[in-house]
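FYI, the numbering for the sequence shown is -22 to -1, 1 to 356, going by mature numbering (1 follows the signal peptide of the UniProt record, and there is no 0).
You may find that some hints are simply not true.
With beta-carbon atoms standing in for the labels, derived distance ranges [as the list claims (entries may be wrong)]:
#1 D142 to P93: 37 to 43 Å
#2 G285 to P93: 52 to 58 Å
#3 G95 to A290: 50 to 56 Å
#4 Q98 to A290: 49 to 55 Å
None of these hints come from the bench; they were simulated from the model. Note that beta-carbon positions come from the ideal geometry of N, C-alpha and C, so glycine has one too.
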Amino acid sequence: MNLKIFALVLATLMSISAKTIAQTWDRSAPGDFQGRYLVSVSDADMLASAYVDGKLGSREGKDAISVIPLTGKQIRDLRAYETEASNSVAGPPAAVAVTPDGRYALVVETFEQRPPGDWQNQTFTDLKHGKRLLVFDLSNPTRPTQVQELVIAERPTSVSINRDGSLVSVTFHPKGSGAKTPLALIPLNNGRLGQPIYPSVSPLPQGHELIHTTWHPTENTLALVNTSAAEISFTKVVRQANNLELQPWGNVVKIEKAPYIARFTPDGRHLIVNNLFWGADVQGTWNEAPRGSVVSIRLKADTQPDGSPRHALVSRAMTSVSPEGLTVSPNGRYVVTTNLERSYLPYNDNRITWFSSLTLMTLDPQTGQLKPSSRLSL
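Generate coordinates for the entire structure from the input sequences, incorporating the hints supplied.
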């Protein structure tokens, strides 16, 4: 399985107990799940090695959204139910989001599905930018059903839903949207998307990539991940008449190289961010990146002279290589990253690792201190 797809599974698994995470995975053992189901998306358009050599490889079916109800008494009883959902692995593992009530899933189409043709000659450049946001009804998890598609700006990269399920945020790659609109805010009512609003995002410089946004668990506040400048900013989403505006909230926090996605802790006291250490000064942008990291930011650590909150970087922990996926446990005590390692390299590249991995670390919910606990190769 492409690790980005696995990362989406991890990010949408809302309640696995710490005991289940720590123990050896045994398909005959009883499951200790507390969630309702797993939701993931899979991209059938490209081999993982296309990141390096551009070759898409043979077609492997169609893009899909999969739902795994957690109703089996044993892990081996779990079954996946899927339907077609155009999506792309070429972006952060945040292409799918589920509403707080678990009724609907939203999927962004970063690239369209690959065109017909001779697969031996198709390359990554043959993929066209996507521009759709898809809504799926999960009321019957054994029959996920598409109920809406909305045309938005080109090349959406991530989707997130606020605490009460009424607002959706979508980010866009600057090469897709022409840097005109890095962010969309879209009303959501009973599974129905309204008209997108494209607010001005300050202080995002022209051409910088807003790669991910995430909503605070108790209020309409967004954390914005600027991967180009390696910084996090916070903004309040405020309704003005029939419009939505962003009001900067507190200071910008400089973090480490190539941040990718962010997750709030359940109590909203801290923001956790992964850093991949990719860049133009790394061979192949990512092929020889060093070990990555995770940092924690404490919100409202104190007050600035003008009365606005000061957010503070409080802890850092190392992961393995390219920690693309990130999630925080429901009790706020654990953080897990999914690490690509160098598993995506072509088979004839002697740098290939032949495995990916997980990094498990503990998190102090009060102080935000991170402590690596273990690493598991996959």
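Now the hints, each set against the structure:
no. : hint                    : in the structure
1   : D142 to P93: 37 to 43 Å : holds (40 Å)
2   : G285 to P93: 52 to 58 Å : holds (55 Å)
3   : G95 to A290: 50 to 56 Å : holds (52 Å)
4   : Q98 to A290: 49 to 55 Å : holds (53 Å)
When held up to the earlier numbered hints, the structure conflicts with none and fits them all.
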